[in-house]
Amino acid sequence: MTENKVKKNKSAIQRRLIPTYIFLVICSFLSVFPFYWMISAATNKSLDVARGKLAIGDQAMVNLQNLLNGYDLWRDMGNSFKYATTQTILAIFICSLAGFGFELYHDRLKDRVFAILLLAMMIPQVATMIPLFKMMSAMGFLNTVVGFMLPAISTPFLIMMFRQNSRSFPIDIMEAARIDGVSEWGIYWRMYMPVMKATYAAAAVITFMNAWNSYLWPKVVLNKPEAQTMPMLIANIAGGYTVDYGLLMMAVLFCSVPTMVIFFVLQKQFAEGITGAVK
Amino acid sequence: MKKKILSVLLTAAMVTGILAGCGSSAAPAADTGAAADTGAAEEAAPADDAAADDSAAADASTGEAAAAAAEGENSLTVWAWDANFNIPALKAAEADYQKNVDPDFTLNIVEQSQSSDVENAITLAGSSGDYSALPDIVLFQDHYIQRYVADYPDAWNNLEGADIDWSDFGAEKLSYSTIDGKHYGVPVDNGTAIMAYRVDLLEEAGYTLDDMTGISWDKFIEVGKAVYDKTGKYLLCMDGDGNDLIYMMLQAEGQSQFQDGVPVFVDNPTLVEVVKLIVQMAQENVLYLANDWSDYTDQAIQGDMVAGVMNGNWIIPTIEQVGDNSGKWEITSLPTINGGEGYAANGGSSLYITGNSKNVELAQKFLASTFGAGSTDTYDDALKNGGVITCSTKASKSDVYQEGVEYFNNQAIYSKIVEMGTHVPVVEQSDYHYPARQVLATAIQNAIAGADVETEIEQAETDLKFEMGIQ
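Each protein sequence line maps, in turn, to chains A and B. Quick note: the first sequence, position 133, residue 133 per our numbering, numbers continuous. Quick note: the second sequence, position 139, residue 139 per our numbering, numbers continuous.
Relax, there's no trap hidden among the hints.
Only pairs whose alpha carbons sit at most 30 Å apart, straight line, appear in this in silico DSSO-like list of lysine-lysine: (1) A:K224 to B:K365; (2) A:K224 to B:K384; (3) B:K384 to B:K394; (4) B:K394 to B:K365; (5) B:K91 to A:K224; (6) B:K99 to B:K384; (7) A:K53 to B:K328; (8) B:K219 to B:K230; (9) B:K328 to B:K230; (10) B:K358 to A:K134; (11) B:K99 to A:K224; (12) B:K230 to A:K53; (13) B:K358 to A:K224.
Partial chain A-side listing against chain B, Cβ under 8 Å, derived: (14) R51; (15) G70; (16) K134; (17) A238; (18) Y241.
Hints listed in this document are in silico derivations from the structure and should not be mistaken for laboratory results. For glycine and all other residues, C-beta sits at the position ideal for the given N, C-alpha and C.
Construct all of the structure, not just a fragment, from the sequences and the given hints.
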């Protein structure tokens, strides 16, 4: 009797879950399908892609060969990697320091400063483009890597994220450390950083992805072939009277692999970091 | 209270953000251009709006920052787009100059993803007043150049004093780059429109290429219906969103959508007739109007849905993608309303020396001895490696231009295109070329769906005038 009831309940729950699952299946399809299409297109001839062929083809090596012959793929991958890594390291260091300071030290004016920072977050990037360009030109940073990175290494969003997550940083640790004679820098390096690992991971993923995918700003301030990055390479392949879709998708595949790897490696920490959990 | 102040501040910031966002549509935000540069309908509207601060132009010369231009005495930097088209042409010119003038010369080609990248860079440089990031030479779309020279005169150097025989080029091509009687640009490619037919399909319906040369649009529709009935393929296709048919058909009649800078649609009987023809063709399965640019190139042309293509000759490589149809295509001139061969041009670009060039003399000399001289070394390689067709009559006399092209049934299409280019009538150009195309494309779509043609054209004219700020 009780067993029956349990069974009934179970099947009722299962039945109730059907619409949820249908919804989830549709959602997963929507997010996975473009991915699949990218891979299948990278293995097909341009003409077949244009005609909507979805099956995996046998042209992967040809497309790869054309890509390597026609474009400097490794130089651009190298550039992207170099810039994205440097930018990530600098950004999480600077922003975490700011977030650490904003939350754990006390000052009458800090909230006002923080409000101004938040205001800056509301202004869309395109609106700041021309003033920023003028600033870079006045500082002599046009067409330099510094000009490309400088505006991105300190962002209000990251500072806010670090500040929010610092709320769960136990003050007791700080006080105990102070009693033991650890310097304020020491607290940051030896207490704060290890405890906030998850936040650092999330911030790193976000910054790396942004840096890796950034197009508009580097296009504006860093317009020289030696410094070309992957998004620019892809844009160059995609523009033009005749587009080779197979080759294009092969390049896109290369471009998406690093962000995928980073995301999957740091996935767990990313989720924790975003929610602000501290261990 | 504090909260209130903060929220007011936040709102203010967002509003400013939104306003600034509208104004700076000129900033390189619109980057979703269609595959071809002519397809880039997004007008990268030069900042004649809020974002542009004119005062900035005053301190234009103060930009002493790291200049991209002229690293050495013998080198020039050029921005261009399309690795399969314009860039091989520039490489050919570099090799030509090294071979015939200066072996130490280098041309530093910086690839851009599309024509709007260059337009946006000029807009940004112009509105910030700092031209120092610009290269010596840029490739620039013909349809836009007049507006950019007007808006940012400091961004350019004209070609007065350059040793170029201008009479070698088609008058229509030069009409874009000549501003106030001064030459600013050296032509690279040739935008002459072609009418390409699948001769095998025409034959199936009982017609030949000769039947189709110099015909009227009415006759064209008759043939189109026959071809569709016999083969199921459309005799004409176009991107319905960026509909270039109107412009080309009008030009073939020697007409423009503009008169003295003002759009004249309803009171232009030829334009009304052209729009009616397009609507009729679309309704009677003679014309396939694709949803967008990629639908046009991928589904219609490469998907083998059509028996005819009419566009600038840069469409040829797209047609050639379908290897199975090799030998089945041939080209001819455009039909006209009353019969007789029609000639038009669509798209194309030229090279311009920027105001930032530190070595104007070298830039002029380079252009004058390669593209500007109709040099066979430059143009033959440009054609072979990039499919770029010249508009220099002199260059078209080379052997390479006389060769038959296998894909086009061994027809000598290149010399034919240059020859057709010399007949293209000069018609009035406008900065609002693409907006005009946009409003008329919308009118056509509505008319095909059943709306009244004349009302729609009138609406299109009103819309465009509103956009241009004309009462």
